[in-house]
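Participant: Numbering (full-length UniProt numbering), first residue to last: 1 to 424.
These are calculated hints, taken from the structure and not from any lab test.
Keep in mind that a hint or two might mislead.
Label pairs and their computed distance ranges (CB to CB) [said to hold, decoys possible]:
no.: 1; residue 1: K186; residue 2: N295; range: 27 to 35 Å
no.: 2; residue 1: F17; residue 2: F297; range: 25 to 33 Å
no.: 3; residue 1: Y229; residue 2: G102; range: 31 to 39 Å
no.: 4; residue 1: E179; residue 2: G102; range: 37 to 45 Å
no.: 5; residue 1: K264; residue 2: W100; range: 24 to 32 Å
no.: 6; residue 1: R316; residue 2: S400; range: 24 to 32 Å
no.: 7; residue 1: L340; residue 2: V401; range: 41 to 49 Å
Just so it is clear, CB atoms sit at the ideal spot from N, CA and C, and this is done for glycine as well.
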Amino acid sequence: MRYKPGLKQSESSQFKFRNISVYAEPKNETLVFPDCHRDETGLMTLKYMVYKGLSMDVKEKFNLYWFKEECLPLPLLNNDDFDNFWEDSFVNEDGCICLWMGMKDTVFGTPKTTPKKKTVSKGTTPRRSPRLNSVDKSVEGASRKLSFMDVPMSKHSQASSSGCSQSKATNEVNKKEGEKTFVLRKVNLEHKCEGDPQNRNRSVDPHFVKDFVLDQMKNKPKKVVPDPYKIKEDFLAEKRVNIPYQCAWKARNLVLESLYGNYKESYNEVPAFCKMFTKCNDGSVAKFTFDTVNNTFESMTLSFEPAMRGWRKACRGVIGLDACHLTGEYGGVLMAATALDGQNGLVMLGIMHLKDAILAHPVKVAFISDRQKGLLEAVGIVFPGHHHRYCWRYCSDYYSVENYKATYAPTFAPLDDKSEWVQQ
1 MRYKPGLKQS ESSQFKFRNI SVYAEPKNET LVFPDCHRDE TGLMTLKYMV YKGLSMDVKE
61 KFNLYWFKEE CLPLPLLNND DFDNFWEDSF VNEDGCICLW MGMKDTVFGT PKTTPKKKTV
121 SKGTTPRRSP RLNSVDKSVE GASRKLSFMD VPMSKHSQAS SSGCSQSKAT NEVNKKEGEK
181 TFVLRKVNLE HKCEGDPQNR NRSVDPHFVK DFVLDQMKNK PKKVVPDPYK IKEDFLAEKR
241 VNIPYQCAWK ARNLVLESLY GNYKESYNEV PAFCKMFTKC NDGSVAKFTF DTVNNTFESM
301 TLSFEPAMRG WRKACRGVIG LDACHLTGEY GGVLMAATAL DGQNGLVMLG IMHLKDAILA
361 HPVKVAFISD RQKGLLEAVG IVFPGHHHRY CWRYCSDYYS VENYKATYAP TFAPLDDKSE
421 WVQQ
């Protein structure tokens, strides 16, 4: 059963409350969340409860699986899966719908083992592909192109080599037990092709350039990420390879991600960041909101308690509002609320979730902002009865010297009777 858009989830669900049991295999623990309300529980909320219940770090990634039947696990990946889990999940003997938690291999994996080298046998000839047999053997060098379909593959065969007239050394190949192998029949080691006159090389990808930039930054006192043009110039001087601007631009983004993290992972750390913010700053406010339908981030508000306390007790009841657009991968708007202290210094405030703290000021608050429609409407709705003024920038044109002279310039009133005219 699925809920219809525009309605509460509990109105379309046959279960308003559920008891949820999560078995964490890595820690061998079972978490039980009783009386979960359908309108207040989503996939992101459930994962946050698991993080908190197991005291896990947000960098530790895990997958959740639910059971439609007792022995049929299904992955819990999105809201549609969560709807199916809520309505159709298997109920255990304790009356709980069950989940199983497993860690992702990208974070918790087994260390890779280095395979042992095995000597290639020259006595065994593996099977050849029919396509390879049809190629004219008189053609030499790079004219004989082999694709992966042409390589003879056999699960049980061993690799062999035809040898080289210039070297009688025994060739070796790394091979894991039970894996397939391939045979390289002929190699042309004499190259007559000309190099690129523009010093380009297709093998240079953004990841290779990223490693080059990070190595250069280690030897510099200031850890400043260079711009793409500087990366192109340094790479050409060091490696004698001319890379395109797009490659340098992508490499710079990879460097920034390796130093500061990427956007997607940063949004996953918002709950932990807000928790640490309030823990380290007693009395401060850190709240975030997200869409419970598709689990997307909406907003986050931060405000330090000393700034709010000082503004309520000793500052003027004036708040300046301004916002700027974010140019990152996901866009958005950064809004700032500031006030002035007794020395005309800036006091940083927050607005969205601080209505009660702002109303605690002894006088009515005057908001100053630009003349945007959204702010004009929102201030009057959220803070009725308070004042709203515009920035001087939007009023200064009316108080210029030219307008002052034009306003108070002498004027002559017309006189109908000529006898009242006086000649000076």
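Participant: Now tell me, hint by hint, if it's right for this structure.
Facilitator: Tested hints:
1. For the pair K186 and N295, the beta carbons lie near 56 Å from each other, so the given range of 27 to 35 Å is not met.
2. Take F17 and F297: their Cβ atoms lie about 27 Å apart, and the range 25 to 33 Å holds.
3. Checked against the hint of 31 to 39 Å, the C-beta distance between Y229 and G102 comes to roughly 46 Å, which is inconsistent with it.
4. The hinted window of 37 to 45 Å between E179 and G102 is violated, with their beta carbons roughly 26 Å apart.
5. Taken as a hint, the range 24 to 32 Å holds for the pair K264 and W100, whose Cβ atoms sit roughly 25 Å apart.
6. Checked against the given bound of 24 to 32 Å, the beta carbons of R316 and S400, roughly 28 Å apart, stay inside it.
7. Restraint check, L340 to V401: a C-beta distance of roughly 28 Å breaks the suggested window 41 to 49 Å.
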